[in-house]
Amino acid sequence: MSRRLQENIVAAVILFILLGVIYLSWGYGPRARMVPIPVAAFGVIMMVIQIIWQNLRPAEELHVDLLEVLAKREKAPASMPKEKRPGEKRAAGRGPSWRAEAIAYGMVVLFTVMIYLAGPIPAIFVFTGGYFLLSRHYTWGRALVYTAIFTAVIYLLFAVALDVQLYHGLLEPIFSQS
Amino acid sequence: MIDAIITGLVVLLTPQALLFLFIGVIYGLVVGILPGLGGIVALALLLPFTYGFPVPPTLMLLLGAHIGTIWGSSVTSILFNVPGAAKSLALCFDGYPMTQQGKATRALGASAMAALLGGLVGAVFLAVSIPVVRPIMLFLGPSEYLMMAIWGLTIIATFSEGSLLKGMVSAVLGVLAAFIGTDIVTGTPRFTFGSEYLMDGISFAVAMIGMFAVAEMMKLYVKGGSIVDRSVTHENSTVMEGVKDVFRHWWLVVRSSVLGLWIGVLPGIGASVGGIAAYAQAVQTSKTPERFGKGAVEGVIAPDATLGANEGGGLMPTLAFGIPGGEGMAILLVAFISMGITPGPEMLSKHLDLVFTMVWIIVLANVLVTLIGLAAAPYFARLPAMHPNIMVPLVLSVCFIGAFAAHSRIEDVVVAAVFGMLGYLMEKYHYSRANFVIGMVLATMIERNLHLSLTLYGSNFLFTRPVTLAMFIFVIFTTAMPFVRNWWSKRVRPAAGGRAS
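Quick note, the sequences are listed as chains A and B, same order. Under the working numbering, the first residue of the first sequence carries the number 1, and numbering increases by one thereafter. Under the working numbering, the first residue of the second sequence carries the number 1, and numbering increases by one thereafter.
Think of the hints as simulated: they come from the structure by calculation, not from any bench. Any given hint could be a false lead.
As the list claims (entries may be wrong) - Some chain B residues judged to face chain A by a derived CB distance under 7 Å, without partners named: (1) A4; (2) T7; (3) V10; (4) P54; (5) V169; (6) L176; (7) F400; (8) F404; (9) S408; (10) V414; (11) A417.
Quick caveat, the model's predicted, so the values are computed rather than measured. Ideal Cβ positions, reconstructed from N, Cα and C, are used throughout, including at glycine.
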């Protein structure tokens, strides 16, 4: 998928959200919609200009640094290497960019689901240990020891020292019954 | 007044009070470094331990912890691009690039010293300005606060991340995200889709954990390699360089401190606006604004000096009127009342010694935080070089449990994850995350003060309140200034070129 198409999809999604905000706001009272509607309308105008702008310019000029405009900063020549953004620069051995990104998203979703199901402390133990093992950063033994120490520190800090009442997870009733 | 200044200091020079200060500062630093747990959480957790002790040591404990959290959250902004609290957001803009360039120690040194000088300048100005500031505070109303919030929103145009149009769209999205929940004026649930959880709105702390910390860990995973690759970039700075930077930019420190003091004095504005405003004025007054966003040390000095001074300023409305200058001050207010300290105008006349006791505590706590900060900076600076296979799981774990601990709600973990993925996408497609958060922080203030202004002064309040009108003109001036300057220089350049040829 080309960069321009990706940019257009993101812009279209944002435009859809802003239009949705305006639609929903019509249902509120005059005072409740007094600020959201003008703000969203302003956003729609900006987004439409951005969509037109990004489709009329060459692909390599899609990013405009505001300080280049405001502070008379010289624009870097096209031949110069620019600082890369996420997904554009990767360490060797992680596979293609989309794959690494998919794993990153999956990792966050998985961790969230684990916390929801088992509570933060067991989820941290499983996630951290699993990460150490799958990345092969440590051997089995070391990974287990470091994970146990880290989880214990987190527990002592949050549950004991800061007295945070921890969530026990959706699965707790199943385990407590057995 | 001199008597009050001396008495205020003497009561603090007891072993118990000094020990409480040390405990408070260390505790504050630790909590400040943990994302999501800012000064409010730190103070709220300390409250039960304060009953039964004399007033001076208790104040040392509370204010020491409060000031410790401020510098603690600056550390994570500089080292990991993770603001520990909304007020430290501006430190990410140049602090983190300095870390990436191997100048983390210098940035931390500058940060600690700027916070100290800011705190000292703030304390001195507070002491001197007590008789002057009171009538000004009483004069300002919601319409003036509205203008200040709008000014805060317009200065986002000075931030370098992303394009102008995308930056504005990000700010719009941030403002709209803040409207999720029950409308504070009409009580209407907005954009909640029937969810009970969303009725309370989205917490800034949780949104920031997601938008910056979780997104940064996703980025680190995709990129591979640590934040700072020591095989490519060696740590090439010292604490003393940072300290010298602060003295080299002493005028910036004074300006930022006065700004921080002023913002602290105004009730309800909070330090979040202060840090952003300080950064913006540093960019606008710099002769080389093109260095900002790329690791300019002034971008670290200005927000930290403002945050340091802000605490002194925040005490003024808290003590004089019982109106907290910020969220942290609200908790302190509760503590004051439980200690038998009744805020009110008499505090600035009959109990002036107690006010100066607090001014002295701010000075002592800032000195202690700076000493610890300068000593620990070289060790802290090693953290970003940690391997991503260690960094990603550990930081994600702390982020998610921090998000949960902020309000003990499991839904906050989901919100942090959603904002993390959103933050990653925004970073990838150049939609400024900073603008989003600034929009979110200022939205409620704008809406509340707009409604109050309309109710109190009518729909023509802009023209019936001269101060509001003057501030409105100032907002237009500061917004248009960079564009006019750019247009003018473009006009002058071809003319000069024509003469030269």
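Check your understanding: Against the structure shown, which of the earlier numbered hints fail to hold, in ascending order?
Key -> 1, 2, 3 and 4
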